[in-house]
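Novice: Each chain sits in its own coordinate frame; assemble them with the hints.
The listed protein sequences derive, respectively, from chains A and B.
For the first sequence, full-length UniProt numbering gives the first residue as 1, with consecutive numbering after it.
For the second sequence, full-length UniProt numbering gives the first residue as 1, with consecutive numbering after it.
These are calculated hints, taken from the structure and not from any lab test.
Computed from a prediction, not measured in an experiment: that's the story for all the values here.
Please note that a few of the clues may not be correct.
As the list claims (entries may be wrong) - Partial selection, computed: residues in chain B whose CB lies under 8 Å from chain A:
| no. | residue |
| --- | --- |
| 1 | Pro248 |
| 2 | Phe249 |
| 3 | Gly252 |
| 4 | Arg253 |
| 5 | Lys254 |
| 6 | Thr258 |
| 7 | Leu321 |
Claimed, not checked - If you want the ones that stay clear, here's a sample from chain B, every Cβ over 12 Å from chain A, calculated:
| no. | residue |
| --- | --- |
| 8 | Ala165 |
| 9 | Gly220 |
| 10 | Asp256 |
| 11 | Phe285 |
| 12 | Ser348 |
| 13 | Arg357 |
| 14 | Phe378 |
| 15 | Leu380 |
By construction, the Cβ of each residue, glycine as well, lies at the ideal position given by its N, Cα and C atoms.
Chain by chain, the residues run as shown.
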Amino acid sequence: MCLKEVFSCIYCRYRKNAYLFIYYLIQFCGHSWIFTNMTVRFFSFGKDSMVDTFYAIGLVMQLCQSISLLELLHIYVGIESNHLLPRILQLTERIIVLFMVITSQEEVQEKYVVCVLFIFWNLLDMVRYTYSMLSVIGISYAVLTWFSQTLWMPIYPLCVLAEAFTIYQSLPYFESFGTYSTKLPFDLSFYFPYVLKIYLMMLFVGKWLFCSVFAFFLCFLVCAAIYLGINRKVCKRARDDRGYLE
Amino acid sequence: MGFLQAQGALRAVLGPGLPADLSPSSWWTGPCSALGWDPPGAHPGHLPTVLLGVHVHWEVLQLEPPRPGGGAAPRSLLPRRSAAWLLGDSVWGSFIFSWAVAAGPLRLHLHRSWQCQGRHGLPSSTAAEFDRASPAQSASRGEVEILDAKTREKLCFLDKVEPQATIAEIKNLFTKTHPQWYPARQSLRLDPKGKSLKDEDVLQKLPVGTTATLYFRDLGAQISWVTVFLTEYAGPLFIYLLFYFRVPFIYGRKYDFTSSRHTVVHLACICHSFHYIKRLLETLFVHRFSHGTMPLRNIFKNCTYYWGFAAWMAYYINHPLYTPPTYGAQQVKLALAIFVICQLGNFSIHMALRDLRPAGSKTRKIPYPTRNPFTWLFLLVSCPNYTYEVGSWIGFAIMTQCLPVALFSLVGFTQMTIWAKGKHRSYLKEFRDYPPLRMPIIPFLL
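This is chain B alone, in the form it adopts within the complex (with noise of 0.2 Å):
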């Protein structure tokens, strides 16, 4: 669904200069050509390296330089590589490959995105409209008068208002007035001091006059969710791969471009860009996202956490110096199924509440149990979405043996610690039903 989806979105957004058939290797020829690389097909055993999209030096390789006249090298001159190699080739191209994959509905959405900041999908409501409304229901429209909640200067008067009018219409009339301001960072409430009124309420049910005053106040510069978590998703993957294949600068000079002869490295770079990678396409096709905005400093802040964090992680597992864990294989594999067992779970965790809320809808339920095995663990957690995610983080911390993954699996417990603990409360005071086994987070304890 979501391949020929893309690429008609592809197809879509990058014009008719795309070629007929969309299969990797034709992907590769323009653009190969433009920048002076063989297009594959050149040298038969050369295609993981041109998928890795870096021009290596023929000389690293041991290979034949390339002859004037063109044509395939000799097929007797295979490229003497290690395994590493050929894995770190099929990590690039896979994250390559995804990318592309995800860049059609991902530019789309961007689009998408920045057009209608803070429409939330509801429609507009223009003056137009408002005058098609019929005769007998202009006695009763009211007026809306918007005041600043720190200062109470008048921002706006909108008479003509609608009584089912609700509160996203007037937000996006009032951003007629103040373009600078626009919905999504408006904060409008009945009382200067009091709670912010939601998009979907309507001004007939409000507890105003004919004229009702409300407060606005500034949100600041908002940025939307999924562009904040497509940015502090893909820093991670991207800085972990530069310091596996071990870039010049970072470590001494004889060990540039070199690669690990541990399995458990391999190992974690795998585990860690699929992890990754994961959340990334989680982001563009699996979340429904409730709020659509969130301040403009967030992004600073998550982005400096995700990445920081992510830098020294891969510092230290793929340092020359790294030093396998201490029980060896049996180590690795115990915590390796472990990462895998949390990530299946999460993912599942991720499907059910995406299948709980019908598209566009904002009704909200209590999640159950479903025929997965993983979504059983609902039986027991509010959250278990947040569960899964901290045992994939012990798993890898259990399997790298290394102290700033340990440190990152806590903080990112005691944060979402506090998001179940939140999440649990609201379910509570929302459904009188809400089942008393549940805990937040960890079954029975916590």
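Bound conformation, chain A alone (with noise of 0.2 Å):
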């Protein structure tokens, strides 16, 4: 690939590693923030701080994840070795989770399973950039690179599980505000409960199977297929009840 070739020159690695530093910093510097402010919250006010977590820390929170979408193009451009359906499955996920179910329902901001799922999110993205900023200058620490290898193992179902639990309770907000749901002009609708719900069966059958890509683009396929099939059932039957908002 050229653009490999262009990096590869020790005057470009320089710069690389620069611009890596200088992202993987800010990063750092906004999931620590969160950290921190998280933990000061809870200890100074107990259980009370969960409800407004996303008052607190939900915009800081809504830029580091809009920024790790710049991953992507560092994963295609080839300055960061790494598989890129992997990141895109999970950028995608915590878009949507973050962007389209929280952030969009101001009733959903309030819940318990939103600190929780921060906390999760949080404690990942803090070993990783740490991590990644350091061994990105040469330094290493032991324990770091564990748990930065091996963090995942319990965290990731776990996040699977909130992320589950989110979208479930948000759901009879979506059904009762009619939220992100449009009435297209050709006979498909877009109802966005349907939507989500057939997100969840993704998410847990894509995690379950994270090494078999294979497998869940054929999961893919068949929730597509679902999504399709059941939609034209749903929107027929709810376009006769209610009529969707313009």
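Specialist: Following this line, the structure appears as structure tokens:
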């Protein structure tokens, strides 16, 4: 790939490392701010701090997760050597849950599960960005390396469960307010709660088969087919009942 | 013995589509050409890679691309590969070969076990056989009434049951009226809260009158032991090799399909694979199971345990950042010696236990040491197979110096201690003259 050759000379490698260090440093600052904020608020207010977690740190979390979309560019260009697909899956999952599910509904922001979810994401990201930041400039600590390679094992399943529970808790609000559900000009309508339910299924199946990507693609196709099939049936019935927001 | 039988079985099962000579080179010609791979012989230096079964992209191997007109590649361009690849090839090749060898009797066996779920090889008694009984015995025929143990409702009434009939035959007759409860799933007992009757018990010897009342309990869906064992041992074999060859999406992209530069990692793969191949072959050819089946949920429990631990172990040992043991080659050699000795010991004990009981019988005898030195542990321990098993896993843990392996040995040790204590207790109960020096699993201690 010609871009890889561009980055292979020492001068460019220095620049690449400097850029990566700055990127990881920004992420590290953001996530450590979130971590410190949540910890201090928890020790000051106790359980009451969990309710307005999103109010306090939501903006910074949204910023950090939006910036992390840059990582896709890093992988595509080649300055980070990783597989594209797992990163895409992880990022879409985070963006969907954070922006579509939590940010759009005020009632969901006050749930406890949002705080729990943010703790898990923060833990993973803190360790990851600290390790990446230090490794780019050549510093490594054994304990940090071990944590960065091991922590995902207990935390990813918990993350999936927390996200699924968040989606599950948000469904009644979506149904009653009709957010993101629109009537498209042709026959198919976009009824969001069912999209989320199918997304839930995809989440579980995809995470379960994390290593076997082919099976995940199959499930994706199956889920897409089910989604189209269900949507056709559901939207006909729903349109007869009440009609959607324009 | 085994290979010829396997050949015959393979022919019988796979049918006439098999080539006349079953040498490994001809096995691969058909499937290879069907899948678009070059069959062996096309590229002389290529054979081990083909045995690997993976279409390794020739750029990786720095070979010439295959010529359009076919023909062999020039011999001067041999693939430049690390020793690890060759080792991996031989591991994979032996794995595939052993699977191919086992496939014949395995398919035959699965076929057989699906056919007679729970018959236990005992003859079935049909009504026709009973009618053939002589008229002089008809007066002493009994009747059997089967009630549900919980609801006491009458499920089945069998008349004209021969007094010499065994519980197994009664179970078969019951299956005819209620086909969803195959014999392995039935638990018949004299008392609703009592113990389950054994298959060999004869109706006449039970404390019942002319009309016997038996209580039935459904044991739930059953699955045969052999199926469970095969599934739970094939998983770790496959999963470990996935991690060993570093398939994509596990470690970072720059480590895909690389091999470790530490010898101990390759040794660990060989030991682990050898252990599970040995277990698979023992399940197929050596073990004799006294019970036919176990509840279905056990397969999920057992598979999760074995597969989960195998994946966890393999992830750490085959990690690119893995550090070899602290004491270097000395530690690895010592641990490897312990592992090999314990594996041999385990195998010897399994063979000795198999020779203790002839095929089909259910006699129970005290195991004694034979001429094989590994079986001399019988003098000190009731279940030396568990002792050797724990020993080999401890050896593996020392060799890799890896925490999940140590945890796996610990969990295995606790489970095997429970089993060994139970077995020791049943030996003591059954045999008056059981040697007093023996301990369940660890000599003199436990």
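Novice: Now, for every hint given, state plainly whether the structure supports it.
Specialist: Each hint tested on the structure:
Contact between Pro248 (chain B) and chain A, as hinted, is supported at the beta carbon level, the nearest pair being about 6 Å apart and thus within 8 Å. A distance limit of 8 Å between C-beta atoms decides the matter here; for Phe249 (chain B) the minimum to chain A is near 6 Å, and the interface restraint holds. Interface restraint check for Gly252 (chain B): the shortest CB-CB distance to chain A comes to about 6 Å, inside 8 Å, so the restraint holds. With a least beta-carbon distance of about 5 Å to chain A, the hint placing Arg253 (chain B) at the interface is held under the 8 Å criterion.
Residue-level restraint check for Lys254 (chain B) holds (minimum Cβ-Cβ distance to chain A is 5 Å; threshold 8 Å). Given the 8 Å rule on beta carbons, the hint for Thr258 (chain B) is violated: about 12 Å separates it from the nearest Cβ of chain A. Interface hint at Leu321 (chain B): satisfied, since its Cβ lies 6 Å from the closest Cβ of chain A, which is below the 8 Å cut-off. Consistency note on Ala165 (chain B): stated as away from chain A, and its beta-carbon is indeed over 12 Å from all of that chain's, at 49 Å minimum.
Distance check for Gly220 (chain B) against chain A: the nearest CB is about 25 Å away, which clears 12 Å, and the non-interface claim stands. Residue-level check failed: Asp256 (chain B) sits 8 Å from the nearest beta carbon of chain A, not beyond 12 Å. With a least CB separation of 32 Å from chain A, Phe285 (chain B) remains clear of the 12 Å interface cut-off, as annotated. With a least beta-carbon separation of about 38 Å from chain A, Ser348 (chain B) lies farther than 12 Å from that chain, consistent with its non-interface assignment.
Remark: the non-interface label on Arg357 (chain B) is consistent with the geometry, its nearest Cβ contact in chain A lying 42 Å away (cut-off 12 Å). The beta carbon of Phe378 (chain B) sits about 41 Å from the closest Cβ of chain A, which is more than 12 Å, so the claim that it is off the interface holds. With a least beta-carbon separation of about 40 Å from chain A, Leu380 (chain B) lies farther than 12 Å from that chain, consistent with its non-interface assignment.
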